[in-house]
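Starting from two chains that each stand alone, build the complex the way the hints lay out.
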Amino acid sequence: MSLKIKALTKSIWVFHMAASPCNNCDIEILDLLTPRFDIERFGIQLVGSIRHADAVLVTGSINRKVRKRLKRVLAQAAQPCFVIALGNCSCSMEMFGTSYNDNKPLDEITDVHAYIAGCPPKPEAMIQGVVALIQAQLAALKK
Amino acid sequence: MATKSKTQIIPIGPYHPLQEEPEFFKLHVEGEKVVKLEIELGYNHRGIEKLAEGLTYDQIPFLVERICGICSSSHPFASVNAMEDIADVDVPLRAKYIRTFIGELERIHSHLLWLGLAGHFLGYNTVWMWAWKQREPVLDLFELITGNRNHYAMFKPGGVRRDVADEDIPTAMRLLESLEKPVMMFTKIALQDPVLQARLKNVGVLTKEDCVELGALGPTSRASGVPWDVRHDHPYAAYGMVDWDVIVTQNGDVFDKAVVRLLETFESVKICVQCLEKLREVKDGIDAELKEIPPGEGVGHHEAPRGEVFHYARSDGTNRPIRYKVRAPSFMNVPTNHRAVVGYTVSDATITLAAIDPCYCCTERMLVVDANSGKQVMGWKDLLRLSQEKTHRLMEKYNSRMDRIWT
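These protein sequence lines are chains A and B, in that order. Quick note on our numbering: the first sequence kicks off at 1 and runs consecutively. Quick note on our numbering: the second sequence kicks off at 1 and runs consecutively.
So here's chain B without its partners, still in its complex pose (with noise of 0.2 Å):
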């Protein structure tokens, strides 16, 4: 091997024994430091934007929710905020409050199922085994109120689905009560474990300029000191209504985007709380009955736990989308990796890539590239052409089926 350069090539993925996800990197190293990074995706894709057109309202939330199993009631939040924000529709305030409480309610079981990941990434599985042991209750929370432990299906626009009766509040109350004393565990563990600290603080830092310049969201920018929240900036749903903190911590690395995330699941057992107490006296119904989508376009934010997604539906009086536009939290946080992990060692690259918290399900894009010429060969038309012709495909297969069945 004559050749003059030092840099390796170490290859992580697509399918690799820590990631639940199939996503590729490949992390040019020198010696035990990273020098560059190269991100592929795509393992993901399955066309939700387009999808979306084939659907009507009502049932886009429930596609939208299956972008990302985590963040499943995070696109249907902001989903039905921009189709309400075409309408211009009032949501009655109890289903302000029950939408309130579920996105909470997702957060703590994200920052807790992050917390758990993170541990088995630094092969500390306890931290692991005992955050998801926490979570589980969370989850039976979901199934009491909503009848699943994931996928929701709790928003509807102008409304939501379901109700929460008054007998299940004391129940959820009391997990939620439940629920501070292992994380207040977890907390002091993350500020004082001399493993966690001696793995996780001056790792994988990212500057406030970092931060801002690419654009990074939710817990990665917050614990840079950038105090980016659109629940707190643009408040929606009931999130202007109870009281709570932003929380914001300043060193920018792995230690500190675990302490924003622990500290901000107890500002949404706050949040939670507040809403069930007020959903003893608010009853004003929880459906806005929302019949039709006027023509027009409208914009859709919530604070997922990753950070902002942001949802764009254009109607034209039908009751379809015309165009439908998904921007999910990890798009922006994902390249954040390219300062983050660069210049640390490889032992540290697997937290780092973990912990801006990344959904590849959410993430994903599709650009199909001629190895040759490096040009761009699909566009927008071509992924029309695709589509039609998969439509063709299947009626041809079903009118065949059909046929047998009627002959």
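So that you can see chain A by itself, here it is in the shape it has in the complex (with noise of 0.2 Å):
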């Protein structure tokens, strides 16, 4: 495991999961990708599929729909995936707590390994929030 997870910091591909976002912070994804950010110079690539990927992205309060679904996409993950909770919505459901809908934060339905706080959060803290993964996988290999 250590080993891979060492060979996974080097180039990261990231799948992109929209669960019940308000668009904004997908947006602010794909900005990432275009050239005043340009997160490509760093290897880091959106992916179409989860097989592929590295870590996965997710946006949004997970509704009662989505979840099943998430669920499902997270475990056909190849192992080791991180999770990583964008937005306000997936860390702490912002203002949709109190929805009908069941409304749910990320880390009550898996693991998650960062947070990125922010509505949205800029594309600069999700550079930052990426990195200090890195960093923190890195260390704890280290020990």
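No lab work stands behind these hints: they were computed from the structure. Backbone N, C-alpha and C fix where the C-beta goes; we use that ideal spot for every residue, glycine too. It is possible that some hints are incorrect.
Said to hold, decoys possible - Mimicking DSS-like on lysine-lysine, the simulated pairs with C-alpha atoms at most 27 Å apart in a straight line are:
1) B:LYS36 / B:LYS6
2) A:LYS104 / B:LYS397
3) B:LYS270 / B:LYS188
4) B:LYS133 / B:LYS50
5) B:LYS50 / A:LYS68
6) A:LYS104 / B:LYS381
7) A:LYS71 / B:LYS26
8) B:LYS133 / B:LYS26
9) B:LYS33 / B:LYS201
10) B:LYS6 / B:LYS50
11) B:LYS390 / A:LYS68
12) B:LYS375 / A:LYS68
13) A:LYS104 / B:LYS50
14) A:LYS68 / B:LYS33
15) B:LYS375 / B:LYS50
16) B:LYS278 / B:LYS26
17) B:LYS188 / B:LYS201
18) B:LYS390 / A:LYS104
19) A:LYS71 / B:LYS390
20) A:LYS71 / B:LYS397
21) B:LYS390 / B:LYS50
Unchecked claim - Far from chain B, some chain A residues (derived; all Cβ distances over 10 Å):
22) ILE5
23) ILE27
24) ALA78
25) MET95
26) VAL112
27) CYS119
And the structure:
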């Protein structure tokens, strides 16, 4: 596992999963790929399938209908795969906590490796979050 | 497979690499041709209308802002219009200009965003990268004026929350001027590029009759020759006081929808510049200090980048509405896909589905249906019950947590 994680930190392939968001975090994720931020220079790339992904970015407060699908998608991920809660909604549901549609924060559904708060987080904050995750994993390996 | 029907089903979604939102399409195809389309929504439903009934009028703009991150000034705009309709207040002129400025700035960012995504859907990623590169200055301008790149929190019942500082106006003017050149370039690309012509012309045609029948709104209808625009037909804020044109084209294909959006971007730049010039002179405050919403009902409109947003609020004199209703433009535009996608090839389906600039976050409705009997299970009362149950559950949870803290 440790070798896998070490290899994984070199070039992270990311799968983006929108679980009843407001589109804002999603647009900011796509913004990361465009010329101003251009995260591909760090080897970070969005992929089309969870099976290729090293990390999953989950946005939105997860509602009743999406929850089933979210679990199924996460179960298909090749391990190790890091789960990142992106935005206030998936961290803490923001204003949707009392909704009748049974919204839940991400960490009640699955293990979360990193939280990136903000509504929406700035692209710089997203990059910093991923860097912090990599550094934490490398530090854990050294111990 | 000895079935007589040659129809096959291609599922798209709910988690598809091309879509940034979860939604589910079933394309029924015969060979390459799409013969039927089924759309399934509900993946983004958060119960905003019900949540709005639990919030005060001052809080509601923050909630409706989070219906959608791309039109995050359209919903508050319509929302405050509805509240001011009930209270019958007159908003200061300066606040009107600031509102119009923010609304139009958002249209620029949204149309450039759509152009980029359209390029992405066509597999023409150069357009995507270029359009989004040119969109960044608009987001910078938003950050300068409102403090956030998205979710601006500028609107409040009776005015706006933040003023535009005089020293920011030259910077804003410069950024707006710098936009015209790239947008002109995109327009020329769209009008001349042989790849875009081949992919977009005469694809996903929506006739004028279809638009009227299905009630399509915004650029979707204006590309088919239906000149509906709330800003023009029912002017609010400062739209009656600035000089601009409604862009209408006639063909109704995806190409025309792109052209309408690009030309509208110029109009929006024009409106923004006029508003900024007025902001230098008009200094009559930004807030009408609306203290109370009297009993009654009110309706608010705003022409969002995708079409008309409609908000309805009913007040009983307390500080919260007793009914809040939202209708986003995509709710009207999504059904036009049934006409626009059917009859064309599968390869054109992605761009046609994207051509209405759909926003499923705005559109989501919920209907619980019994799979066996096909009957609707949950009505309004059931939703109310669900809501109460959840409140009880949360209260128990937090009370137990409180107990732990206190003991």
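Here is how each hint holds up against the structure:
| no. | hint | in the structure |
| --- | --- | --- |
| 1 | B:LYS36 / B:LYS6 | 13 Å, holds |
| 2 | A:LYS104 / B:LYS397 | 14 Å, holds |
| 3 | B:LYS270 / B:LYS188 | 19 Å, holds |
| 4 | B:LYS133 / B:LYS50 | 38 Å, violated |
| 5 | B:LYS50 / A:LYS68 | 23 Å, holds |
| 6 | A:LYS104 / B:LYS381 | 22 Å, holds |
| 7 | A:LYS71 / B:LYS26 | 22 Å, holds |
| 8 | B:LYS133 / B:LYS26 | 34 Å, violated |
| 9 | B:LYS33 / B:LYS201 | 17 Å, holds |
| 10 | B:LYS6 / B:LYS50 | 45 Å, violated |
| 11 | B:LYS390 / A:LYS68 | 19 Å, holds |
| 12 | B:LYS375 / A:LYS68 | 23 Å, holds |
| 13 | A:LYS104 / B:LYS50 | 17 Å, holds |
| 14 | A:LYS68 / B:LYS33 | 32 Å, violated |
| 15 | B:LYS375 / B:LYS50 | 23 Å, holds |
| 16 | B:LYS278 / B:LYS26 | 50 Å, violated |
| 17 | B:LYS188 / B:LYS201 | 15 Å, holds |
| 18 | B:LYS390 / A:LYS104 | 11 Å, holds |
| 19 | A:LYS71 / B:LYS390 | 22 Å, holds |
| 20 | A:LYS71 / B:LYS397 | 24 Å, holds |
| 21 | B:LYS390 / B:LYS50 | 13 Å, holds |
| 22 | ILE5 | 25 Å, holds |
| 23 | ILE27 | 6 Å, violated |
| 24 | ALA78 | 16 Å, holds |
| 25 | MET95 | 6 Å, violated |
| 26 | VAL112 | 19 Å, holds |
| 27 | CYS119 | 6 Å, violated |
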